[in-house]
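2 protein chains.
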Amino acid sequence: MSQHSAPAPGAGPGTEAERLARAALTRLIEPGSVLGTTAVRVWGAVRALQILSGVDTPGPDERQELSLVLAGEGTPLTERTWTRSLEGWAARTASLAPERDLESLGRLGGGLLVPGDAAWPPGVEDLGPSAPVALWYRGGGPVPRQESTLAVVGSRDATAYGQSVTRTLASGAAARGLTVMSGGAYGIDAMAHRAALASGTGTPPTAAVMAGGLDRYYPAGHEDLLREVSGRGVLLSEMPPGTSPTRHRFLQRNRLIAALSGAVLVVEARWRSGAQNTAGHALGLGREVGVVPGPVTSPQSAGCHRLLRESPAVVVTDLEEALGLMPGGLGTGPEPGSGRGPGVPSAAGSGTESPDARIHDHLTVEELLVYEALPLRSPVPVDRLCAVAGLGPGTVMGTLKKLQRQSLAEQHASGWRRGPVSHG
Amino acid sequence: MSQHSAPAPGAGPGTEAERLARAALTRLIEPGSVLGTTAVRVWGAVRALQILSGVDTPGPDERQELSLVLAGEGTPLTERTWTRSLEGWAARTASLAPERDLESLGRLGGGLLVPGDAAWPPGVEDLGPSAPVALWYRGGGPVPRQESTLAVVGSRDATAYGQSVTRTLASGAAARGLTVMSGGAYGIDAMAHRAALASGTGTPPTAAVMAGGLDRYYPAGHEDLLREVSGRGVLLSEMPPGTSPTRHRFLQRNRLIAALSGAVLVVEARWRSGAQNTAGHALGLGREVGVVPGPVTSPQSAGCHRLLRESPAVVVTDLEEALGLMPGGLGTGPEPGSGRGPGVPSAAGSGTESPDARIHDHLTVEELLVYEALPLRSPVPVDRLCAVAGLGPGTVMGTLKKLQRQSLAEQHASGWRRGPVSHG
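Taken in sequence, the protein lines are chains A and B. Using this note's numbering, you'd call the opening residue of the first sequence number 1 and step up by one each time. Using this note's numbering, you'd call the opening residue of the second sequence number 425 and step up by one each time.
Where hints are given, some of them may not hold.
Unchecked claim - Straight-line C-alpha distance at most 20 Å; calculated EDC-like pairs for lysine to aspartate or glutamate:
#1 825(B) x 790(B)
#2 825(B) x 87(A)
#3 825(B) x 796(B)
#4 825(B) x 807(B)
#5 826(B) x 87(A)
#6 402(A) x 366(A)
#7 401(A) x 790(B)
#8 401(A) x 367(A)
#9 402(A) x 383(A)
Claimed, not checked - Residues from chain B that keep clear of chain A, each with C-beta distances beyond 12 Å, as calculated:
#10 454
#11 495
#12 518
#13 826
Because the hints were derived from the structure by calculation, they are not lab data. Don't be surprised by glycine CBs; every beta carbon is placed ideally from N, CA and C.
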């Protein structure tokens, strides 16, 4: 090890210096920067901060170790990348103030989570080299457990249909104790949070992952909603206070939603959309992705249908199917005392079928042939039924008796006709 | 061979006696009866008719040969089944009048197709033991070629949405020269036929497979439509004139639609439905099945979503995707001079996206970082952009020049801001 690489005493994992360094690094490194996060993993947070902020330069051993790890991850480090990255970090060094950031979020009822903390969500480690160096949180609720967290995401310009389906599925999932996670945006996200707050029993009922700093609520129009989410749930972000959400950060935020959840449900999504981006991250992480279909004439469902055509995402039409996405097969059985789950107006429910159609399903082919041969009104003799059904008299008589026991056939003086069940 | 099994001279394949026997057998055997069709295959049509109609009894060799073939097909013949089947056939023997049936359909501009006829559709042979013994036809159009036939099927009680999507897809497919095949029923079927008649260029533009005899139009409310289908297209059925469509025959009719088509498109289908039955047959025959999704709140789409969850059927949202179902990859390329196909209001079309979203897709991460850092109105100096983007001045300047060439950035005396493309 070169002389440059000796970390200050007490700077290792779990120390206050480490926490402070990671707080600073959340401002220095853009989310998802593999070079930045790998430097932290290889050198440790305190040493990485020294180097990335230009306080010190890496020794040859340190450079080599970093290069080897990056090459092993398939992202070899070129001199040009290193120089340009250093330039970028240097441009931000003047703004570093981790104590102030920690204090600022502390005053707002939040703080910083770093790897090793009891509340550090293990799911984000599935992101590998692009795992966040730390997570800022704000709110009264605990960080949700991945296994019981369902992400519900979708279009900002949701339709009434998308809003309605989101309300049904998110309140159902929240009422079953799941945490409903989303991005706090307009449209589907907002409805998911609201529905979870209204009927949630989970700890927390809902959580929002933000693309910018947690000192302010974004979008501004959601101040009340996000205040409520942070009150009863929790807000999370890898960005320090004061940072604004950019498009790049929105896209990187989506990887966190995927990593923090047990499964992702996309309710509405345009052909190109952030929700599809979240779904892509989730599939890459091995999370189940469910997709709510919609009219093919609705641009807000085009991204959903695209996912169904081009990815292993599965169709979700009701609460049970949504719960079935969760690891461990949550909700694979029907809710006691209900057809297919609580409060969900399922398109697949038994109420949508005529009694006739259901009766037929239980009949054998022979029974069906005789049943179909029976007139609705005027009874006919057995030989007539034989000719129509194409069965012998013995078979027809035996079958008629069976149908009679199910009230599907009725015997009269002049012969047989259909029974009361079949047209009642 | 026993003395019973010697066929009359001139009773082999291709003879008039054979054609007459098959005409009679269509009345004797219920559609899809493996025992009946296997007897015809093993003994020949003329001899099978003698035995099944009770004119003669099979010799020991004949019984054994039939038993062996049936056992090989996984449906061993028991004495009880044989006796009961003979009873059933006997009940219908008195009504056999093949000459009358042939004459009757001939007068209506139709006739009978038997295996070996030039127009016999080879696709039905994919049904194996349950292939029809003959097919009745009626109409001016030829029997369509399987490779250029798309079946479009769905709910009788179609919604306005289902009707509209059917019209779009069926007219598009018909305009591209495909034959649109369906079942002549209310709802989706009727719309599919109508749309194909209106814009079809294929030979024939449309074809209907009926569950009953072709001497009358069923349902009666479709007399005008079916008359037009038989005028410019063709009606097909395995049932002889005078027979009524029963539920069993509807289900068996569906296997013919699947076998006669290159692919099946289900537009709307209830949780339990005939369209799903057709789709199941098609999948079993190795035909591609496409499914149009719809609102999860619509019972008419529940069967479509069920197919998507439980079968290899694929989502279809527009004409190109529908054409892509066809064997040989018909329609996999876009129509010249159009985005995604003629006349289809595709949800995925470029018109649904803001120009902004499309611009972003072509930017590198660095360009995106700088672009996001640019203010919409008041220009800012480069060092400010460096701090916001987290990039060095060299990188930012180089990137700004690239963005400027794409009109995404604009240089002013006081610095840089977004260019005209990004918010125009």
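How the hints compare with the structure:
{"no.": "1", "hint": "825(B) x 790(B)", "verdict": "holds (13 Å)"}
{"no.": "2", "hint": "825(B) x 87(A)", "verdict": "holds (18 Å)"}
{"no.": "3", "hint": "825(B) x 796(B)", "verdict": "holds (15 Å)"}
{"no.": "4", "hint": "825(B) x 807(B)", "verdict": "holds (15 Å)"}
{"no.": "5", "hint": "826(B) x 87(A)", "verdict": "holds (19 Å)"}
{"no.": "6", "hint": "402(A) x 366(A)", "verdict": "holds (11 Å)"}
{"no.": "7", "hint": "401(A) x 790(B)", "verdict": "violated (79 Å)"}
{"no.": "8", "hint": "401(A) x 367(A)", "verdict": "holds (10 Å)"}
{"no.": "9", "hint": "402(A) x 383(A)", "verdict": "holds (18 Å)"}
{"no.": "10", "hint": "454", "verdict": "violated (5 Å)"}
{"no.": "11", "hint": "495", "verdict": "holds (20 Å)"}
{"no.": "12", "hint": "518", "verdict": "violated (8 Å)"}
{"no.": "13", "hint": "826", "verdict": "holds (14 Å)"}
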